[in-house]
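2 protein chains.
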Amino acid sequence: MPQIWNFSAGPGMLPHSVLEAAQKEFLDYRGLGASIVEMSHRTHAVEAIVESLTEELRGLLSIPEEFEIFFTQGGGRTQFAMVPANLLRGKTGAYLVTGLWSAAALEEAKRIGRAEAAARTTGDVPDTSDLSWPEDPAYVYYCDNETVHGVEFPAPPTAPEGVPLVADMSSNFLTRPIDWSRHGVVWAAAQKNFAPAGLTVVIARRDLLGGLLPHMPSMFDWSLYAREKSMPNTPPVFQLYIADLVAKWVRAEGGVEAMHRRALERSALLYEALDERPDLYETTVAKRARSRVNVPFRLRDPERLADFIAAGEREGFRQFAGHASVGGLRVSLYNAMPLEGPRRFAEFMRAWRP
Amino acid sequence: MPQIWNFSAGPGMLPHSVLEAAQKEFLDYRGLGASIVEMSHRTHAVEAIVESLTEELRGLLSIPEEFEIFFTQGGGRTQFAMVPANLLRGKTGAYLVTGLWSAAALEEAKRIGRAEAAARTTGDVPDTSDLSWPEDPAYVYYCDNETVHGVEFPAPPTAPEGVPLVADMSSNFLTRPIDWSRHGVVWAAAQKNFAPAGLTVVIARRDLLGGLLPHMPSMFDWSLYAREKSMPNTPPVFQLYIADLVAKWVRAEGGVEAMHRRALERSALLYEALDERPDLYETTVAKRARSRVNVPFRLRDPERLADFIAAGEREGFRQFAGHASVGGLRVSLYNAMPLEGPRRFAEFMRAWRP
Chain A
1041 MPQIWNFSAG PGMLPHSVLE AAQKEFLDYR GLGASIVEMS HRTHAVEAIV
1091 ESLTEELRGL LSIPEEFEIF FTQGGGRTQF AMVPANLLRG KTGAYLVTGL
1141 WSAAALEEAK RIGRAEAAAR TTGDVPDTSD LSWPEDPAYV YYCDNETVHG
1191 VEFPAPPTAP EGVPLVADMS SNFLTRPIDW SRHGVVWAAA QKNFAPAGLT
1241 VVIARRDLLG GLLPHMPSMF DWSLYAREKS MPNTPPVFQL YIADLVAKWV
1291 RAEGGVEAMH RRALERSALL YEALDERPDL YETTVAKRAR SRVNVPFRLR
1341 DPERLADFIA AGEREGFRQF AGHASVGGLR VSLYNAMPLE GPRRFAEFMR
1391 AWRP
Chain D
1041 MPQIWNFSAG PGMLPHSVLE AAQKEFLDYR GLGASIVEMS HRTHAVEAIV
1091 ESLTEELRGL LSIPEEFEIF FTQGGGRTQF AMVPANLLRG KTGAYLVTGL
1141 WSAAALEEAK RIGRAEAAAR TTGDVPDTSD LSWPEDPAYV YYCDNETVHG
1191 VEFPAPPTAP EGVPLVADMS SNFLTRPIDW SRHGVVWAAA QKNFAPAGLT
1241 VVIARRDLLG GLLPHMPSMF DWSLYAREKS MPNTPPVFQL YIADLVAKWV
1291 RAEGGVEAMH RRALERSALL YEALDERPDL YETTVAKRAR SRVNVPFRLR
1341 DPERLADFIA AGEREGFRQF AGHASVGGLR VSLYNAMPLE GPRRFAEFMR
1391 AWRP
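Heads up: the protein sequence lines correspond to chains A and D, in order. First residue of the first sequence: 1041, per my numbering; consecutive thereafter. First residue of the second sequence: 1041, per my numbering; consecutive thereafter.
These aren't lab readings, by the way, just hints derived from the structure by calculation. Check each hint, because a few of them may be wrong.
As the list makes no split between identical chains, a pair holds if one copy fits it or if it spans any two.
[Claimed, not checked] With a straight-line cut-off of 30 Å between C-alpha atoms, the simulated DSSO-like cross-links for lysine-lysine are:
1) K1269 / K1131
2) K1288 / K1327
3) K1288 / K1150
4) K1064 / K1269
5) K1288 / K1269
Just so it is clear, the structure is predicted and the values come from calculations on it, not from any experiment.
Between the sequences and the hints, there should be enough to build the whole structure, so can you do that?
If you want it as structure tokens, here you go:
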């Protein structure tokens, strides 16, 4: 059997050395006689993991002291509601809609309060210098990388003076530095670059906390998580544990600048192959907005899709079909993917004949 | 070093054979070339786990077809809000408050809508035959086992005719059969008898679904989880995977009737030791309401608490201090605990001298 290359869009590949370390101590965490998944979250061992993870993230991303770092459950769709529930306070959420996930975030915000699209783009990011914003924007929301559509902001958008930016970085968290002077809140579901599914990280400027709308569930209150050091109740200990190992791995590998360089290298291999053969492959994303982590494309001849996938699977490639909502193909290239993966996939693309 | 006995109240002990099986295939799930935590939830492998787990639970607990079984995130405190959000529909939630968790559930319900205590007891369960219920009860809510106070309902309470019972079985799920003719909804956070923290199971009668209050987050809609087979978004795959292994383990060990017998045997060992030495130990729970899974008690001489804990730790006992809110001691005895654990603890209690 050939080596397996896991191009899943998420839950995605994690660093092999992290999984090996977790496997090794899975039955007995650091000599304590129990698995990490059997330890109360109130033990020193688990509290130390959360503290370590928090400090690792603060260091890796140079997160200023005025930002709180905390962890929740419920994935991206829960944050779609938590963002307006914590930030709207009677104002309007302004959304930059660049794909499936920002569109879903806007729809959810409308359930909670007032929200509108300040821009809608397909296959590109908007130019925010001349948008008409709502009268009373509570925040400007964007999805930094649209996993399904392969659209990534090359740089953060510009919000009106004094209005905080809120970024969903679920699929490109820890893949490059973040400019904190531009952001009020950054959040990310973990299952792409960070940890197994079931964990979300929220990084929020302290002065933005404490405004939960009345009648919202108390577990939606970001300030509760900040105050209780991410433990208003039992957190997903296993995911926090793996996240801490992943953060240490990122640091050992050279930090987020190194992750950024690698993401550029990996994705360039695929975009070169795509651009070489416009007769075979189609990609509709503007070059400036091409994602470094998710490369969606189509075959010119969609009838050949099943053949292409079968041929790829014979080469050891896995989970590279497009999202159900758009079809086609998608190769996801998260931090844990060695350069060899996209190199082989690019070779395969060049060699493939319909 | 002596053998370690993990009496944690949760996250608690899991079956050793389950953890060994998970460790063994952690780097390569069933020959697919990736860890189970690296697999998309849309793969056949993960969908098969959720299906298997659902069917295992249906079989183990004889859950009738008119009940939906689904899995959420967010733990017990999230269900405290989801219950009223899905069931109130302008009516009143009636709560039987028997300890810390049912009290917290009532407080949360009051944020969401109208709710009141129909009974409040300390160290016992209420007699529900002569309670005064609210005018328009949407449901009667109870916590089947209060983990902190060690109070367990010997049998389900009686609700007014036609009013569904809602049970929090977080700490005694899968420890005994459930009478479905009496219940509308049973839910349980996983981290006691079922899986690592980060997963909640909800079992709800189908006709009770679909009533989510307006303006509530869409991820609070139980009917969404039922419709989407627990995947309205990425679920905590690792927890689902372990839960499926645990359910199979329960079946192989004789099912929930066997778990019930063992829970009675384990807890009886400790209650006997407690009752033998009222000069040393104090337990304030009425005998009919003594929990089979959490045995809290106090020393007559509270000054000796640190010594008792230190002496117990030398014997290999771990995580048996009482909950921070009540102090004292607590020995938790979940399904995975061998009889040998409480037998040794009872010996230790008999031998200990202040």
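Hints versus structure:
For the homomeric pair K1269 and K1131, the shortest alpha-carbon distance inside one copy (29 Å) is at most 30 Å, but the shortest distance between copies (36 Å) is not. In this assembly of identical chains, the alpha carbons of K1288 and K1327 never lie at most 30 Å apart, being 33 Å within a copy and 51 Å across copies at closest. With identical chains, the CA atoms of K1288 and K1150 are never at most 30 Å apart, being 39 Å at best within one copy and 43 Å at best between copies. Taking the closest pair of Cα atoms, K1064 and K1269 come within 30 Å of each other only inside a single copy of the chain (28 Å); across copies the shortest separation is 33 Å, beyond that limit.
Taking the closest pair of Cα atoms, K1288 and K1269 come within 30 Å of each other only inside a single copy of the chain (20 Å); across copies the shortest separation is 35 Å, beyond that limit.
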